[in-house]
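Line order of the protein sequences matches chains A and B. For the first sequence, the working numbering assigns the number 1 to the initial residue and increments by one for each residue that follows. For the second sequence, the working numbering assigns the number 1 to the initial residue and increments by one for each residue that follows.
Keep in mind that the hints were calculated from the coordinates and are not lab data. What you are looking at is a predicted structure, and each value in this text was computed from that prediction instead of being measured. All C-beta atoms in this analysis are idealised placements derived from N, C-alpha and C, irrespective of residue type, glycine included. It cannot be assumed that every hint is accurate.
[Stated by the list, open to error] List time: in silico EDC-like cross-link candidates among lysine to aspartate or glutamate, alpha-carbon distance up to 16 Å: (1) B:Lys45 <-> B:Asp70; (2) A:Lys172 <-> B:Asp70; (3) A:Lys131 <-> B:Asp185; (4) B:Lys147 <-> B:Glu230; (5) B:Lys62 <-> B:Glu43; (6) B:Lys147 <-> B:Glu228.
[Unchecked claim] Cβ pair distances, simulated, as ranges: (7) A:Leu48 <-> B:Ile80: 40 to 48 Å; (8) A:Ile151 <-> B:Gly179: 25 to 33 Å; (9) A:Arg181 <-> B:Phe340: 45 to 53 Å; (10) B:Phe340 <-> A:Glu105: 39 to 47 Å; (11) B:Phe340 <-> A:Ile156: 16 to 24 Å; (12) A:Ile157 <-> B:Phe340: 19 to 27 Å; (13) B:Ser191 <-> A:Ile106: 45 to 53 Å; (14) A:Ala158 <-> B:Glu230: 14 to 22 Å; (15) A:Tyr30 <-> B:Ala14: 23 to 31 Å; (16) A:Ile156 <-> B:Pro31: 42 to 50 Å.
[Said to hold, decoys possible] Partner residues are not named here, just some residues of chain B that face chain A (Cβ under 8 Å, in silico): (17) Leu124; (18) Phe125; (19) Gly128; (20) Ser131; (21) Val134; (22) Tyr148; (23) Ile150; (24) Val161.
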Amino acid sequence: MTFEQFIFYIFATVTIVSAIGVVTMRNPVYAALFLILAFFTSAATWILLEAEFLGVVLVLVYVGAVMVLFLFVIMMLDINIDPLREGFIRYLPVGILVAVIVAAEIIIVLSSDTFNMAIPDPMPLSYSNTKALGEILYTEYVYPFELAAVILVVAIIAAISLTMRKRNDKTKRQNISEQVRVKSKDRLRIINMKSEEKQ
Amino acid sequence: MDSLIAIWDGLPEALQTVIVILLKIVAILLPLILAVAYTTFAERKVIGYMQVRCGPNRVGPKGWLQPIADVVKLMFKEIITPTESSKAVFFIAPILALAPALVVWSVIPFFDGGVLANVNAGLLFVLGITSLDVFGIILAGWASNSKYAILSSMRIGAQMVAYEIAMGFALVGVLMAAGSLNLSDIVNAQSGGIQHWFMWPLFGLLVVYFISGVAETNRAPFDVAEGESEIVAGFHVEYSGMAFALFFLAEYASMLLISVLTALLFLGGWLSPFENFESLLAIPVIGAFFDSGFHWLIFKSLIFLFLYLWFRATFPRYRYDQIMRLGWKILIPVTLIWIFGEGIAIGLGWEPWK
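Assemble the whole structure, with the sequences as input and the hints as a guide.
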């Protein structure tokens, strides 16, 4: 067993164990933590496959941003665990059906000819995975890439417009430009008046 | 001595590499931890003098042993675990906060060739690992089973996610100018004298990067997560002794990291500003000082480290909604416009940094 294989087996074991942890943990926060560990170890596996860009981006986007917000929501909601466990047997057949379909799909895809190829030689040290990805993304696949970007922008705008709500006028909001533009005479009125008579 | 060399040669090659790497790690981490200890001392002294006080001056000559005394005190304090808290997460959290802050130093080049791991996508690695910092704090807040702590985690979570975007965009500008993600290559792209440093063409990005760096390290004026006046001490309110010290260590290590990174990315890292003055470099002893080297990186980082302390002494704390406004509505648009302009400049072949 080479050193690389040794590292691979360590990361693969951790990934599988943490993936099992995601679905078996009773506390949703622990489940989310195991999901983070699963993401992190799969990123390490990708880096082992010389896909360092994808590996780091997986950590950056999924672990560093998505899972933070995920944890955020889980911690805010005081989830009562018992009702989640109810009806486990009732939903079991549907669950098994979905699992079987997914497993069958994975087997069909992996046993197809696309993946039936020799192990590629390792790239030289100077090879930059990031540059290679960028080159192919902005030349050959530029239209699908731009299309994906447009769809994402539409999704962002949709999300914002769905959650944006008009507030009633009673809330006090800060208007910075108004505050900056304020002059002393807007706030202070100097009046000229006679002093009052002595009583 | 000869017997030592004989023992060394007798070791298998794999073990030799592991030992060399371990020694390198120690050579980076020991000075780092010392630097952290004396940064806390410098902070108290600098802020002291800014507020016309003396700062700590009792322990040792002129107070120089103060950080050592602090460490000893923290080490021997009792660690208290809150009841009904999640014990495992409570103790994993400080480790999760410290580990990324130390791991990032593996890709930082200190001088030409002086780097532990010369990673191809070094800048991405730095971004990816620093984005993990937030988990320690969020989990600490949750595991403490305290209202103040959880409020603090909520604040820091949103703040980190917001400022990471501005930070990432600022770095995009740097890598566009350097044409590489490797940190050593980025510094070498700035060689050729002070006018070639990225701080001139990318000044806006430098400002954005450092501001979001201050926000990322959760320091004043962006330290709403600690907010003593509202939520006591935030996420570490339930931590004592060494567990608290780990958070402290992580915070100062990332402060040093942001200072060093800003120096590397925008101020030419270890490159000397006097690179082109041949006659100056030819002077026997002083020439070595004016030549490029590790000491220039230290000087440049100290500028930013001092800025950190200066900010803390002068600025009042931002309100939470103001932090969000600054991050999303000011810093991100500035970086976007700057990158757009830079892209046009590169497209037209007008590259002032070359």
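Verification of the hints:
1. B:Lys45 <-> B:Asp70: 15 Å, holds
2. A:Lys172 <-> B:Asp70: 45 Å, violated
3. A:Lys131 <-> B:Asp185: 15 Å, holds
4. B:Lys147 <-> B:Glu230: Within the cut-off at roughly 12 Å; holds.
5. B:Lys62 <-> B:Glu43: 15 Å, holds
6. B:Lys147 <-> B:Glu228: Given that 16 Å is the threshold and the Cα spacing comes to 14 Å, the pair holds.
7. A:Leu48 <-> B:Ile80: 40 to 48 Å: Since Leu48 (chain A) and Ile80 (chain B) have Cβ atoms about 41 Å apart, the given range 40 to 48 Å holds.
8. A:Ile151 <-> B:Gly179: 25 to 33 Å: Roughly 30 Å apart at Cβ, these two residues keep to the hinted range, so it holds.
9. A:Arg181 <-> B:Phe340: 45 to 53 Å: 29 Å, violated
10. B:Phe340 <-> A:Glu105: 39 to 47 Å: 42 Å, holds
11. B:Phe340 <-> A:Ile156: 16 to 24 Å: 19 Å, holds
12. A:Ile157 <-> B:Phe340: 19 to 27 Å: 20 Å, holds
13. B:Ser191 <-> A:Ile106: 45 to 53 Å: 51 Å, holds
14. A:Ala158 <-> B:Glu230: 14 to 22 Å: 35 Å, violated
15. A:Tyr30 <-> B:Ala14: 23 to 31 Å: Between Tyr30 (chain A) and Ala14 (chain B), where Cβ atoms are some 37 Å apart, the hint is violated.
16. A:Ile156 <-> B:Pro31: 42 to 50 Å: Holds - the Cβ-Cβ distance for Ile156 (chain A) and Pro31 (chain B), about 45 Å, lies within 42 to 50 Å.
17. Leu124: At 4 Å from the nearest chain A Cβ, Leu124 (chain B) passes the 8 Å test, so the hint holds.
18. Phe125: 6 Å, holds
19. Gly128: With Cβ-Cβ at 4 Å, under 8 Å, it holds.
20. Ser131: 3 Å, holds
21. Val134: Because about 6 Å separates Val134 (chain B) from the closest Cβ in chain A, which is inside the 8 Å limit, the hint holds.
22. Tyr148: 14 Å, violated
23. Ile150: 7 Å, holds
24. Val161: Since chain A brings a Cβ to about 6 Å from Val161 (chain B), closer than 8 Å, the hint holds.
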